[in-house]
Each structure stands twice: as structure tokens, then as C-alpha cells.
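Visitor: Sequence:
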Amino acid sequence: MLAASPDGLLDASGFLDPAAVVACALADEKPGGHGDRAAAAGALELACWDLNAKLRDEPACVTIARHAGRDPAPAVPVYAAGGYYYAEGGVERLRREMRGYLDLGYDAVKMKIGGAALGEDLTRIEAVVDAVGDAGRVAVDANGRFDRAQATRWADALAPYGLRWYEEPGDPLDYALHRAVTDRYDGAVATGENLFSVPDVTNLVRYGGMRPNRDVFQMDPGLSYGLGEYMRMLDVLEAHGFDRRFAFPHGGHLINLHVAAGLGLGGCEAYPGVFAPFGGYSDACVVSGGRIAPTDAAGFGLEEKAGLAELIAELTGGCG
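Quick note on the working numbering: the sequence shown kicks off at 1 and runs consecutively.
Calculated directly from the structure, the hints in this document are not laboratory data. Ideal placement from N, C-alpha and C gives every residue a C-beta, glycine not left out. One should not assume that every hint holds.
Derived Cβ-Cβ restraints for the label pairs, each shown as a range [as the list claims (entries may be wrong)]: (1) A149 <-> E303: 42 to 52 Å; (2) A116 <-> H67: 37 to 47 Å; (3) L104 <-> M1: 16 to 26 Å; (4) G105 <-> A176: 34 to 44 Å; (5) V274 <-> G133: 40 to 50 Å; (6) P199 <-> M1: 20 to 30 Å; (7) E126 <-> L315: 25 to 35 Å; (8) P277 <-> M1: 51 to 61 Å; (9) A176 <-> E120: 46 to 56 Å; (10) D186 <-> F15: 44 to 54 Å; (11) Y86 <-> E314: 25 to 35 Å; (12) G273 <-> D36: 25 to 35 Å; (13) E303 <-> D36: 23 to 33 Å; (14) A117 <-> D28: 42 to 52 Å.
With these hints in hand, go ahead and build the complete structure from the sequences.
Guide: What follows is the structure in C-alpha cells.
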């Protein structure tokens, strides 16, 4: 990157060309084996979108929508994720956590499963459904921990509840496992946050048993070479009959809020009180009725996030 000709990284309008930047960063790289380099390249690429939006003095969602030939959504659905395991407090603490999300303006939640025995986890799920009042507003996330036998056993156990979705039942690259789950589970399955390339997503829709207008895709541009690769993933979904409104990018932060608004996606997530200061939204982004809107701040609005600008200045020695 530092050795590249600056003119080779610009588009015809004189703005940074995100595609040229990521291509330069990946010069001479072998295909496959995406891993951490996908996130490193994604950070560079998304920084280009942020800068280009700031040069135009507009929110990034406006820049993204213009590039995609769309109008940005004024607000998008957002759900609160959490529901981890507590050393103390157990089910009652979990209830309080989920009720707290409702009090903050969220109308849907997500909780972790698979860290306890099946019976204990079902008790936790029932407590959350009771706290929220509607199983259709409760999603569960296994973080890819199950093998095929466990994933299908859990699918059978979850089926009667009518949950919002069953997330990452197994290894994201085990497409046969996902097909085994969708073959027997009528509820929605969500996956994709750990798929970092277009070929991986293509294989998921070809072989993973994903069902249009039901299952949810959670690929994250910040983990997968940036927005250009992510938009090509959406092209793959739509070419196979899937609706982008079933795309909910992983990662509860300002960048994916602008991505969801700019590309007309189904929504985004939030982790209230977790993953600070990068995670979460600025105080100016008000959650109401289960929806959240980007502010008018230029770029991704990261400078509005409490504590984040100071941390970046500390990490860069005060530069920038």
C-alpha cells in the first residue's frame, strides 16, 4: 500500500477507490485460507468508504446507497444480543437482562446456548421467552459449537418453541451439517458470520440447505474484505432466489448500521454494554420500537461514539 502510486488508488472522480485499495493490499496473495487477512483488508476498505463519505460531508449510508443505486433507509430494525452464562444469578439474572433490553427500546433479543446441558438451556430459553412475551422475538445462538448429532438433537428440542432463529448450529464450513438441520427444522436458521468470501457464501447457498424467505445470512463486511466483497455476496444470494432483507450483518456497531441502511438489509444487531467502546452505537442513535437510525454525522459517525475517539488517539499517539 505504502509503495503504491497514489493515482492507482483513486477513481475517476479523484476519490479513493475501495476496490483498488483492497486489490493492492492483497497483491500476490493466494486464494482461500481467508482468516485474519480478510479482516485486515476489510478495515482498509471500510476506511476508504468512511473517508469518501467525509469528503462529501455525508453519512456513509448515503455514500453506500448511491454506489448501489438505492435510497438509504431512514431507520433499520435492530435486536439486542447477549444472554451469556453467569457465574452467579442464573436464570433470574438472565430475565432481568432481557427485560432491560426491552426497556432500552429493543423488541427482539438473542441469547447463547450450548454452554450448559440441554435441559438447563431449555429452562433458560423458557425464562427468556417469558420475559420477552413472544418466542418469535427470541433467537438462540450456539456459536458453531455443535457437531451434526448435537445440532440435529438441538433442532428437535427447539422446534416446539417457535423461536426467531437458531443461529450457527455448527462449523460454518460444514454445509452438510446445516442441510441436516434445515431438513428437519421448520424454524429459521441463521449463519454466515464466519464466512469471509464469496466462494464460501456460494457454497453455503448451493449445499447448506438454506431456504429463501426463511433463513438468515449474517456475513460481516468488516470480517470479509470489506463492503465490495459483501455486496458481491448479496449478489450471490439474490442470484439464488434469496432476499437481502434476510441479511442481518454480524457485529453490533456503527459501521454495519450504515451498511444495513445503505443496502436495504433486514437489520443489524446490538450488544448493549458489551464490546465497548467499538461495539454499540452513539448516544445520538436512538433505539425506539425495535428500530435504529444513523445520525447525520459524516462517514460512519465513529467520532460520536463515547470514548472511541480518545482511544484511537491514544493508540495512534495522538495522530489523526
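Visitor: With reference to the structure, classify each hint as holding or not holding.
Guide: Consistency of the hints with the structure:
1. A149 <-> E303: 42 to 52 Å: 49 Å, holds
2. A116 <-> H67: 37 to 47 Å: 45 Å, holds
3. L104 <-> M1: 16 to 26 Å: 40 Å, violated
4. G105 <-> A176: 34 to 44 Å: Holds - the Cβ-Cβ distance for G105 and A176, about 40 Å, lies within 34 to 44 Å.
5. V274 <-> G133: 40 to 50 Å: Check failed, 23 Å falls outside 40 to 50 Å.
6. P199 <-> M1: 20 to 30 Å: 25 Å Cβ-Cβ, so the 20 to 30 Å window holds.
7. E126 <-> L315: 25 to 35 Å: Since E126 and L315 have Cβ atoms about 44 Å apart, the given range 25 to 35 Å is violated.
8. P277 <-> M1: 51 to 61 Å: At 26 Å between Cβs, range violated.
9. A176 <-> E120: 46 to 56 Å: 28 Å, violated
10. D186 <-> F15: 44 to 54 Å: 47 Å, holds
11. Y86 <-> E314: 25 to 35 Å: At roughly 32 Å between Cβ atoms, E314 and Y86 fall inside 25 to 35 Å, so the hint holds.
12. G273 <-> D36: 25 to 35 Å: With Cβ atoms ~27 Å apart, the hint holds.
13. E303 <-> D36: 23 to 33 Å: About 26 Å separates the Cβ atoms of E303 and D36, which means 23 to 33 Å holds.
14. A117 <-> D28: 42 to 52 Å: The hinted range 42 to 52 Å holds for A117 and D28, with Cβ atoms some 49 Å apart.
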